Every structure is written in structure tokens, then in C-alpha cells.
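Number of protein chains: 2
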Amino acid sequence: MIISIIGVGLLGGSFALSLKKKYPLVKFVGVDTSIVNQKIALAKGIVDEIVSLEDALQMAELNVLATPVDTIGKLLPTLLDQIPEGRTIMDLGSTKELVCEIVDGHPNRKQFVAVHPMAGTENSGPGAAFAELLTDKNVIICGRDKTDRDCLMLVEAFLRDIGMKIHYMNPQEHDHHLAYVSHLSHISSFALGLTVLDKERDEKAIFDMASTGFSSTVRLAKSSPQMWAPIFAQNQKNVSKALGDYIALLKKFKTAIDQGETEISLDYMTKANDIGRILAGIEKK
Amino acid sequence: MIISIIGVGLLGGSFALSLKKKYPLVKFVGVDTSIVNQKIALAKGIVDEIVSLEDALQMAELNVLATPVDTIGKLLPTLLDQIPEGRTIMDLGSTKELVCEIVDGHPNRKQFVAVHPMAGTENSGPGAAFAELLTDKNVIICGRDKTDRDCLMLVEAFLRDIGMKIHYMNPQEHDHHLAYVSHLSHISSFALGLTVLDKERDEKAIFDMASTGFSSTVRLAKSSPQMWAPIFAQNQKNVSKALGDYIALLKKFKTAIDQGETEISLDYMTKANDIGRILAGIEKK
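Protein sequences, first through last, are from chains E and V.
Counting from 1, position 230 in the first sequence corresponds to residue 230 in the UniProt record's numbering; the numbering is continuous, with no gaps.
Counting from 1, position 179 in the second sequence corresponds to residue 179 in the UniProt record's numbering; the numbering is continuous, with no gaps.
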């Protein structure tokens with residue numbers, strides 16, 4: 001069997017590496033517009049060969065679309081136009097509403113499985129890929145009812161075999177939740193990093209004074225702008241709402257601090273402490 | 001020698017545990033208003049005995065004031081009134097301007113060393129204390145010139161012996177920088193946790209969909225409200241400014257997303273990526 005990885009970055013690369021461990025006989029072919037990514041993906045053994053997009057589609061039983069989400073939206077209709085019968089395309093994108101809408105009604109819609117693994121790091125590119133990234137993590141499949149049963153079962157078998165826990169959701173719900181539990185925390189982190197960099201021109205002070213707490217909060221500010229800008233654009237409505245909620249709460253927090261209303265800020269923080277239960281659940285995963 | 005730990009929480013407890021490793025002959029006495037903290041501190045071997053504040057002050061060569069910062073401000077003048085000659089008080093608080101102002105002009109001001117270790121976790125209380133918390137971390141001493149040479153040298157010797165790197169700063173500078181590199185990231189995290197909890201009443205969805213990125217960003221929202229409310233109150237002016245800068249940037253980010261100005265959000269994120277250099281420095285520490 002041949003599997004193609006279209007976009008051999010952190011997620012596509014990690015998916016390939018974890019599958020390789022379980023399926024040593026499968027051949028992996030890679031497609032990437034970046035020569036550097038091609039070289040690293042080959043050198044790291046993520047893929048066995050670099051091929052053109054057209055060749056990948058003709059060769060592969062399963063095509064894994066792991067590019068930034070704007071490219072997924074552009075490529076997917078053409079790939080579905082050309083895909084041989086019985087073959088499967090899955091994506092790994094962080095937004096689902098638009099991509100499911102784009103292919104809705106396509107004669108080969110059933111050959112597409114919309115997949116989003118709840119895993120990532122602040123690093124990007126094939127150099128950052130590792131086989132364990134997806135192990136024990138949750139994965140969401142959207143629009144299951146629009147997908148061919150065999151295509152779905154193939155993808156699910158692979159996801160289970162690498163240790164992922166499968167959940168199902170409609171694309172609208174998915175994008176709504178993701179705005180809060182993922183997209184917003186990236187924006188809060190990018191903005192925190194930039195605020196501190198803007199203010200603290202004396203970098204020596206940041207080095208000396210920042211501790212692991214700052215480091216943890218601002219870690220996501222290292223994430224790839226090229227990956228995240230299209231996510232925010234595609235999930236504009238939900239991200240804007242989540243960001244609006246966040247700004248409104250920060251303003252209330254600021255007012256409480258400005259007016260010395262310690263009881264109010266104590267109340268906010270005490271309620272926020274409840275996130276501890278959620279974190280315990282995430283860290284157990 | 002006897003050292004008193006006044007407030008046997010995360011920081012006071014960790015400081016005692018690290019000193020105990022280096023100075024097995026020193027006796028540690030603890031002062032705490034919480035019976036539970038007293039019991040845990042004894043059970044964990046953080047202190048050898050629980051004593052009254054008055055007794056601690058009479059017994060100890062060095063008194064370590066490790067309570068929330070509002071209590072530091074309240075206790076310190078009285079402690080300085082009563083402290084025997086030649087003895088030392090140091091604090092471990094996260095704000096320095098107000099506490100230095102309060103004791104400025106006190107006849108025993110010279111016996112006080114204003115100390116702030118750049119270390120912590122989102123957990124609190126003596127149960128969370130561990131000997132390695134302060135190892136290899138930076139520590140700021142404020143108002144060095146107002147401190148007696150012997151008191152200063154004793155404190156510095158202890159700090160160096162447990163592996164801390166000492167820096168000096170005036171209290172105003174300290175509080176200004178801390179607002180950006182520590183206090184702001186706590187507020188951003190508390191507010192993020194609360195925004196997500198408010199919105200995501202369906203906790204199942206958070207459990208399934210949140211990943212390690214969210215977990216990292218929101219980790220500080222578990223921090224103690226009782227510790228942080230007085231910090232925000234004491235550093236009100238700087239925290240308010242930092243929070244205002246952060247909100248202003250988030251609004252610009254939101255406008256860029258709302259108006260589909262991808263170039264602008266790309267630009268913000270690319271600039272924020274520069275935080276990677278700072279993080280590399282922190283993680284090396």
C-alpha cells in the first residue's frame with residue numbers, strides 16, 4: 001500500500017512517522033512545495049520518495065492532506081475531481097466548516113474524510129515531527145454521514161492503530177468549540193508575546209526576570225503565522241466572538257484592578273481556578 | 001542557627017527545603033495561620049517546629065517572610081520594630097515598590113533585604129513545595145544600598161548556595177518589568193480560563209477538544225487568587241498599564257481578523273515569533 005502525505009510538516013510528518021512504526025510495509029510518498037521540507041522529510045525517513053501531486057493521487061490508497069487550511073480548501077475540489085475510484089483523501093486541518101462546505105455536493109465527496117487531531121506543538125515543519133505526537137490524543141471526525149463507509153473505516157483503523165481516540169462532531173460545532181479551546185489561546189499567546197516584546201526593549205530584563213510561568217503562557221507565540229493566519233480567516237466568525245468575549249473579560253478585570261475592587265478580581269480568579277479540573281483531564285489523556 | 005519561615009507555602013517551603021539540603025544542622029521553625037499548612041509543613045519536613053510569630057522573631061538568625069504581599073506589607077514594620085539587633089528579615093514577595101516604601105525611614109530598615117526569586121508554579125501551599133524550585137533560577141534584590149552589609153551578605157550566601165543567580169534592581173524598575181513579564185501573563189491566563197469556562201458549559205467538549213497547547217497557556221489560571229489579588233493591587237499602576245497595552249493589541253488583532261486583513265495578523269504573529277529567542281534563554285536557565 002502507498003500513502004501520500006501532502007504537506008510534510010509537523011502534523012503530516014508526525015502522522016506518517018507513527019503509521020510507519022505500525023505498518024513497516026507501507027510506502028510513504030511526500031508532496032511539498034518547499035525544497036527544504038522535501039529534503040528534511042526524506043532525510044528523517046518521514047517519506048520514502050518525493051512525488052508530484054498528480055502522481056501522489058494516482059499512486060496512493062490514502063492521501064493525507066496536511067497543508068495550511070487555505071491550501072486544503074484550494075486543493076481539495078481538484079483532488080476530488082481527479083481521485084481514482086475507491087481511494088481516500090483525509091485532511092488534518094484545524095477548521096472544518098468551510099472545507100466541508102466547499103466539497104458539499106461534489107460527486108466524489110464520499111471519498112473525503114474530514115479529520116482534526118487534537119495535537120500540536122509550537123514548532124512547525126518536518127524537523128519538528130515525531131512519532132508520538134498523536135499517541136493517546138483525541139481526534140475529531142466531521143461529517144461522518146457524508147463519507148463512504150469503506151473510506152471512513154480505513155481512516156478510523158489507521159487513527160486507532162496509532163493510539164488516537166475518535167470522536168464525531170458536525171463541522172459547525174467543531175469550529176465553534178475550537179475557537180474557544182484552541183484558536184483563542186493562540187491569539188492570547190501571540191498578543192502576550194508581542195506586548196512584552198514591544199514594551200521590554202531591554203531584552204536583558206526579560207531574560208533575567210521571566211520565569212517558567214511566562215514561558216508556558218507565551219509558548220504558543222512561537223507557532224507558525226503561515227499556518228494560523230488562514231485558520232483565523234476561515235473561522236473568522238467564531239474566533240471574533242471568542243476574542244470579543246476574552247477582551248470584554250479582560251476589560252472587567254482591568255476595571256476591578258483600577259478601582260481597587262479586590263473582591264471582584266478574587267471572584268474572577270477563584271472561578272478561573274476551576275480550569276484545574278479540565279487540565280487534570282487533558283493531562284491524563 | 002535557626003531560620004524562621006513565616007508563611008510555609010510553595011515559595012517559603014521550597015526555600016526551606018533547598019536550604020535544608022545544604023545546611024543539615026540549621027533548625028527551621030515555621031509560622032503559619034493555617035493549621036493545615038502547619039501540619040503539612042511538619043509532615044513534609046519543611047520545618048522542624050511550628051512557633052508563634054513573636055517566638056520566631058526572637059529565635060531566628062534569619063526570618064523569611066513568605067506570605068502574600070499584602071501580609072508582608074502589614075507585618076514587616078512590626079517585625080522590624082521588634083527584631084533583635086544583628087538579625088535579618090528577608091521577604092520573597094512579587095512586588096517591591098510598596099514594601100520598600102513602607103519600611104523606608106524605619107530605624108531598623110537596614111536589617112531588611114527585599115528579595116524576589118523568579119520562580120513559581122501554578123500550585124500553592126506547602127504540599128506543592130519542592131527543593132529544586134529555586135535551583136538555577138534568577139533572583140532580584142531591591143534596595144541593596146539601604147541594607148546592612150552583613151544582612152545582605154548572609155542572604156546572598158544562602159541564595160547562591162541553593163543555586164540562584166543574583167541581580168540587583170531598584171524597586172520601581174522591578175515592579176514595572178514584573179507587570180509585563182509575570183503579572184500580565186497571570187491575568188491573561190486567568191481571563192482565558194474564565195472565558196472558556198463561561199462559554200464551554202459542555203465540559204465534555206473541552207475535555208475532548210483541548211490539547212496541550214491550551215493546557216500550557218491556561219496553566220497559570222490555577223494559581224492562588226489569595227496570592228495574586230494583593231500583587232495586582234500593590235502593582236496597580238504598572239499592571240493596569242500592561243493590561244491596557246495587551247487589550248489594545250488584542251483589539252487590533254480582532255479588527256484585522258474581522259476585516260480579513262490577513263497581512264496585518266501575519267505581521268503581528270511574525271513579530272511575536274521573536275519571543276522564541278527569549279524562551280530559549282529562559283529554558284536554558
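Please keep in mind that the hints were generated in silico from the structure rather than gathered at the bench.
Please note that the accuracy of each hint is not assured.
Heads up, the list lumps identical chains together, so a pair's fine if it works in one copy or across two of them.
Claimed, not checked - In silico DSS-like cross-links for lysine-lysine, where the CA-CA straight-line distance does not exceed 27 Å:
#1 Lys137 x Lys21
#2 Lys146 x Lys199
#3 Lys39 x Lys22
#4 Lys199 x Lys39
#5 Lys20 x Lys204
#6 Lys199 x Lys252
#7 Lys137 x Lys27
#8 Lys39 x Lys74
#9 Lys27 x Lys165
#10 Lys251 x Lys271
#11 Lys39 x Lys204
#12 Lys237 x Lys252
#13 Lys199 x Lys271
#14 Lys204 x Lys22
#15 Lys137 x Lys165
#16 Lys146 x Lys237
#17 Lys21 x Lys74
#18 Lys251 x Lys237
None of these values were measured; they are calculated from a predicted model.
Now for the hints, and whether the structure bears them out:
{"no.": "1", "hint": "Lys137 x Lys21", "result": "within (17 Å within a copy, 40 Å between copies)"}
{"no.": "2", "hint": "Lys146 x Lys199", "result": "neither (50 Å within a copy, 29 Å between copies)"}
{"no.": "3", "hint": "Lys39 x Lys22", "result": "within (24 Å within a copy, 51 Å between copies)"}
{"no.": "4", "hint": "Lys199 x Lys39", "result": "neither (39 Å within a copy, 44 Å between copies)"}
{"no.": "5", "hint": "Lys20 x Lys204", "result": "neither (44 Å within a copy, 32 Å between copies)"}
{"no.": "6", "hint": "Lys199 x Lys252", "result": "both (23 Å within a copy, 16 Å between copies)"}
{"no.": "7", "hint": "Lys137 x Lys27", "result": "within (25 Å within a copy, 48 Å between copies)"}
{"no.": "8", "hint": "Lys39 x Lys74", "result": "within (25 Å within a copy, 63 Å between copies)"}
{"no.": "9", "hint": "Lys27 x Lys165", "result": "within (25 Å within a copy, 52 Å between copies)"}
{"no.": "10", "hint": "Lys251 x Lys271", "result": "both (17 Å within a copy, 25 Å between copies)"}
{"no.": "11", "hint": "Lys39 x Lys204", "result": "neither (37 Å within a copy, 41 Å between copies)"}
{"no.": "12", "hint": "Lys237 x Lys252", "result": "both (23 Å within a copy, 16 Å between copies)"}
{"no.": "13", "hint": "Lys199 x Lys271", "result": "between (30 Å within a copy, 13 Å between copies)"}
{"no.": "14", "hint": "Lys204 x Lys22", "result": "neither (47 Å within a copy, 30 Å between copies)"}
{"no.": "15", "hint": "Lys137 x Lys165", "result": "within (6 Å within a copy, 39 Å between copies)"}
{"no.": "16", "hint": "Lys146 x Lys237", "result": "within (24 Å within a copy, 56 Å between copies)"}
{"no.": "17", "hint": "Lys21 x Lys74", "result": "neither (31 Å within a copy, 61 Å between copies)"}
{"no.": "18", "hint": "Lys251 x Lys237", "result": "both (21 Å within a copy, 15 Å between copies)"}
This entry does not satisfy hints 2, 4, 5, 11, 14, 17, going by the numbered hints stated previously.
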